[in-house]
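Asker: Residues 11 to 121, numbered by the numbering used here, are exactly what the sequence shown covers, in order.
Since the hints were derived computationally from the structure, they do not count as laboratory data.
Please note that the accuracy of each hint is not assured.
[As the list claims (entries may be wrong)] Estimated spans, in silico, between C-beta atoms of each pair:
hint, residue 1, residue 2, range
1, Val52, Asn96, 18 to 26 Å
2, Lys71, Arg47, 35 to 43 Å
3, Asn70, Gln13, 51 to 59 Å
4, Arg47, Glu69, 28 to 36 Å
5, Thr16, Gln104, 56 to 64 Å
[Stated by the list, open to error] Here are the computed lysine to aspartate or glutamate pairs in the EDC-like style, where the Cα-Cα straight-line distance is at most 20 Å:
hint, residue 1, residue 2
6, Lys57, Asp72
7, Lys115, Glu99
8, Lys115, Asp72
9, Lys55, Asp112
10, Lys71, Glu99
11, Lys58, Asp112
Bear in mind that the values here come from a model prediction, so they are computed numbers and not experimental data.
For glycine and all other residues, C-beta sits at the position ideal for the given N, C-alpha and C.
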Amino acid sequence: MRQLVTGLVISITLVLAGCAAVLVGGTAAGVSVVHDRRDSMVVFKDKKIEFAAIARLRENKDLNPNVRVRFTSYNQVVLITGQVFNVQEREQIQQQTQSIPDVSKVVNELT
Numbered sequence: 011m012r013q014l015v016t017g018l019v020i021s022i023t024l025v026l027a028g029c030a031a032v033l034v035g036g037t038a039a040g041v042s043v044v045h046d047r048r049d050s051m052v053v054f055k056d057k058k059i060e061f062a063a064i065a066r067l068r069e070n071k072d073l074n075p076n077v078r079v080r081f082t083s084y085n086q087v088v089l090i091t092g093q094v095f096n097v098q099e100r101e102q103i104q105q106q107t108q109s110i111p112d113v114s115k116v117v118n119e120l121t
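Could you build all of it, start to finish, from the sequences and the hints given here?
Answerer: Next up, the structure:
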């Protein structure tokens, strides 16, 4: 009987710990959307653009695997930051990003 109670207590603790993480994460995401001036659909499009840019970067086997690139989209304007090894990689990443649907402008700050 004691083992059953101990097992239940451990199980409940693990389940509640998971719920707390989900609750805190969900609350943080909700607060960021509430305080953002953009419409929720615009925020969704911006996140979709960022994920698409990351996916295209990972799929491109011509790039040096050690490039460091970050994409930030705000109102469909994408800021590319990071480091690449040559001008060709810089231009290739910019062209890939510009070809993503819904991207209105690309600001390339790669060095």
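Asker: Against the structure shown, which of the earlier numbered hints fail to hold, in ascending order?
Answerer: Of the numbered hints, 1, 6, 8 do not hold.
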